[in-house]
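Residue numbers (my numbering), protein chains in the order written: chain G, 1 to 104; chain C, 105 to 1000.
Heads up, none of these hints are tricks.
Just a few of them, taken from the derived set where beta-carbon distance is under 8 Å, the chain G residues facing chain C:
1) 22
2) 41
3) 44
4) 49
5) 65
6) 67
7) 69
I should point out that these hints are in silico values taken from the structure, not numbers from a laboratory. Since the structure is predicted, the reported quantities are computational estimates derived from the model, not experimental observations. The beta-carbon is built from N, C-alpha and C at its ideal position, and this holds for glycine as well.
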Amino acid sequence: MVPGTLDLLVLKTLAIGPAHGHTIAHAIEHRSEDVLQVEHGSLYPALHRLEDRGWIASFWGTSENNRRARYYRLTPKGRQQLVHQTSRWDAIVRAVNRILRPAE
Amino acid sequence: MAIWRFFRRSFWDDERAREIAAHLAHEIDDNIARGMSADAARTAAYRKLGNPTLVREDIYTMNTLRFLESVWQDLRYGVRLLRRSPLFAAVAIITLALGTGANTAMFQIANAVWLRTLPVPHPEQLAQVQLDPGKGSRAGERTGRYSVLSVPEWEQLQRRQTVFASMAAWGTARFNLAQGGPMQLADGVWVSGSFFDTIGVHAFRGRTLQPPDDRRGCSTPGVVLSYAFWQRHFGGDDTAVGRTLMLDGHALEIIGVTPPSFTGIEVGRSFDVAAPVCAEPLIDHTPDPATRSTFWFLTAIGRLAPGMSVEQADAQMTALSPAIYSSTVPATYDAETRREYLALTLRALPANTGVSALRADYEQPVWLLLGLTALVLFIACANVANLMLARASVRMREISVRLAIGASRRRVIRQLVSESLVIALLGSFAGLLIARWSTGGLIALISRMDPGLWLDGRADWRVFAFAAAIAAIACVTFGVAPALRGTAVNPGAAMKAGGRGTIESASRFGLRSALVVAQVALSLVLVVSALLFGRTLRNLTGQELGFDARNILVAAIDLTPAHVPADPSAMFHARLLDRIRAIPGVTAAAEMSVLPISGSGWNERIVVGGREAAKLPMFNRVSSGFFDTMRTPLLSGRDFQPADATRPPVAIVTQAFVHEYFPDGHPLARTFEINTPVGTPRITYTIIGVAQDSKYNSLRRAFPPIVYTDVDQAPQDDAAPHVMVRTMLPASTLSDALSRAIAEINPGIAVRYESMEDVIERASSRERLMATLSAVFGGLAVLIATVGLYGVMSYIVARRRTEIGVRMALGADSRRVQRMVVMQAAWLVIAGLALGAVLTALGGRAAASLLFGVQPTDPAAFVIALSGLFALAVVASWLPAHRASRVDPTAALREE
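Isolated chain G, as found in the complex (with noise of 0.2 Å):
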C-alpha cells in the first residue's frame, strides 16, 4: 500500500455507508482486486486516528454474522476531507505520470 493512502481509502469506502473494521479492510482488498492488501494491525490505529480528528464517526452495532462490532461512518467533515483528499490524490498522480511517461 503507498504510504498515506490508507486514510483516503478508508474515507472513500465509509462513503458508501457505514461499515465495521473488518469489512473495511475486505473491501477494500476487494476493490483493489486485492493489489491493495490492508495490514490489519495498521487500520485500527488508522481508525483511530481518523476518529479523533472528527472526519469518522463510530457507534456498537450488530454485523451480518450476528456479532456486535464497532461501526464507522463518514462525518460531514470527513466528507469535505473526502473530496479534499481525493482531489490532491488526482493532482499527485497527474504529477507522476508527467514525469514518468513525458512523451504522451
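Could you slot chain C onto chain G? The hints should help.
What follows is chain C alone, placed relative to chain G:
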C-alpha cells in the same frame, strides 16, 4: 489528540480490545466459511492482524502525552528500584543532602546579604549616595556606620539635586534606654523628615515621621518604633503610641510603629527606634550639627524621578560635588585640608537590595565559602556517580536484556537518568531541610560574634531556584556519565559473560578511578584550607598582643544620662577609680578612652624636632595604673601620677614610637608637638616613659607607634570612658559589685560589661567563621571521600574476586594480596593528592588576603593534610584488602 481521551485512556483501551476481538471473530468466521478448520482459521486470522497487544499499545500511546507518561513511569520505576536497595538509596541521598545542604545554606546567607530586595514599593528606583573612596579626605569627627554627609552637606545636596523625586538622609545611632544602671541599648537610626515617604513605608500604628517633624533645633521630637521593638518592648500594645520613650535620658514621644515587613534599609542590622535628624544635638549633647560642618553621621538615599536612571543620578552627584563642598568648607581648615576637602566626590549606587557595610567585610569570606561548599557538592556528586556506576554494572544483565528485546539506547539512558533524578530530588529536598536548619545556626554563629547583626535567613524563591539548579546540575553530573557508560554494552557479549566476567575491562575501572582521584584532590583542597584558616585563627588570637587579656573585665561607662558636671571631672574620675579599686578581688583598675582591639581609635599629626613626621602615631588617653592593669611592661621611665594633673603635658610612648621618631633610642625627657589647626596653640608633650609595644585597634595590624596621654591632663572630659578591671573573680560577681560601687557615686551612670577576651573574640569573628566553616566542610569532604574510596575498593575487590582466587591458587599468600589491593588504592590516592596539591597551590591565592601569619602554600599544612589523607585512605582500603585476602580460591574459581 483530544485531552479528554488522555484521562479516559483505560476506557479507550478496553474499547479497542473489544473492537479487535470482534475483528478477529469476523476474520475467523470468514476463514471457516472459506473451508478452513477452526484451528487453521484462528491462526490465519491472528497472523493477518499481527500482535493484537501491539495494536492496542499503538492506539494507547496515541492517547497519551507520550513524554509525560514515560517520565512518570520512569520516576515511579526509579522510586521502586531505590526502595529495593535502601542502603544505596540512603547513602546516595544523605551524601547529596549534605552537599546541597551546605551549598544552599551558604547561598541563603549570600542571598540575605546581597540579593534580597528591600520590602518597599519599587526598590529598583532607590539609589544611595556614597563618597568616591579614591577622592579627597576630610578631617573631623565621624560616627555611625555610614558617615558620608554632614548636616550642611546634606542640606546643600537636597537643595541642588534634580535627579531624585525625593531624597532622605539617615544615619545609625545607638541609644541607651536605661536611666542609670546597666545599659539597655537600642539600635537607632537618625532619619530626615522625608525618609519614610521616600522609601515608601507607611505607619503600621500611629504615623511615621514627616518633614515638619524634622526642623532644625526641634525641642520635642517624636520617634517611630520598629514592629519588632514595639512587640518586644511594649508587647504590641496599641497605647504605646503617645507614650514616651527614654533615649539617653531624654523623654521622647512615640508617634508610630512601622509595619512588620520593614526592618530598616540596612542589611544585617535591624533598627529599633527612628528619631529625626534634628534631635541629634539634643540627645548627643553636641552643639547643633548644622553649625558643625566637621561632624559626619549621615548618608542619603533617594527615589529616582521618573525616567531617571542610577547612572544619571551618579553623574549628577559627581557634577554637583564641587558646588556642594565649596559652600560647606569648614572654617577651621587650613589650605591643605581645604584642598583635600574640595576634592571629595559623591557618587550614587543602586540601593534596591538595601545598604550594607557587611558586604565589604563578608564579601570575600562568603564567596570563598560558597566555593568550598561547591567543592563539597562536587565530591558528593562524584560519590553518588561512583555508586551509580557500581549499580549500572550490577544491572548490566538487565540492561542487556532491555536492549536485546528492542529498547532504544536513548530510552534506557532516560530511564537510568530518571533514577538519578529521583535521587537528586530527594537529596535536594533533604538538603533544603538541612540548609534551613543550618542557616539558622550559621546566622546565630555570625551574630554571636558580631552582636547586633541581624539577618533575614528565610528561604525565598531564589533559594528554591538555587536548590533546584543544584539538583539539576548534580543529577547531570552523577547520572548521565554512568547511564551512557552502562548502556554502551554489546547485549550479546554481556549476556554470554553472564555478569561474571573473569576480568573487568580496564576502562570500566577507569571512570571510577578518575572520580576517586578527583574526590581525593578536592578533599585535599578543603583540608588544606581548613588547616590554613585554623592556623590563621590561632595566629591571630594567640599572637603577642602586648598585654594580658585574661581576667580583665571592661566596663563601658556612659556618663551623659547622669549629668555629671563637666568641670571637676578629674576628681570625679579619680573617685570612681578609687572606689572600684577598693572592691575586694580587684587587683588593678584603670580608665582609658580607646578600648584596645575594639576597632575604634584616633591618630594625630605630630611635629618632632621642628619637622612634621610623615607617619601618624595612634593615640590613647589613659589613667595611671593602665600599664599595671594591662600587664604591659614599662621598659623605662615612669607611669602617670596623680600629681601630673597640674603639670605640663606628659606622654608615655611605645617602642615602635621610639623606633619611628627617635631612632637614636633616647626618648626620655624629649618632646614632640601635636600639629593643631592654624591659629590654635600647639601642645607640647614631654616623654616620661616607654612601654612595650602592643596592639592598638586591630589584631591584624603590626604594633603601631602609640602615644598614651594622661586622662587627668585632658582638656575636656571623656563622656564615655572605659574602665578596665583586672580581677580573679568570676565576671558576673564582679559586675554586680562594680554596678553597686558605681551607683553609690552616681545612680544615673549607665554601664555595659564585657570581658577583654570577648572583645578579642569579636575582633576575630571573621576568622572564627572561616575556621569553623572550613573545618566543617573539610571534615565533610574527607568523610564523603573516604566512604567513596572504601566503596570503590570494595567494588574492585568484588569484581576481581576470581582473579584473586586464581592468584591465590597459584601461590600468592594473603599478605601479598592485601598489599596488592592497598597498593592499587594508594596509587589512586597519590594521583589524587598530587592533583590536589597543584589545585590547592593555585587556589590558595584567592584566600591569601584572609590569612594571617601563614602563607597559602604553608608546608606544614600541606604535610599534615597530605599525610592525614593518605593514612585515612590506607585505612579505608585496608578493609576491602583484608576481605580480598580471605577469598577462598576454590570457591572463587568454582563460581566461574
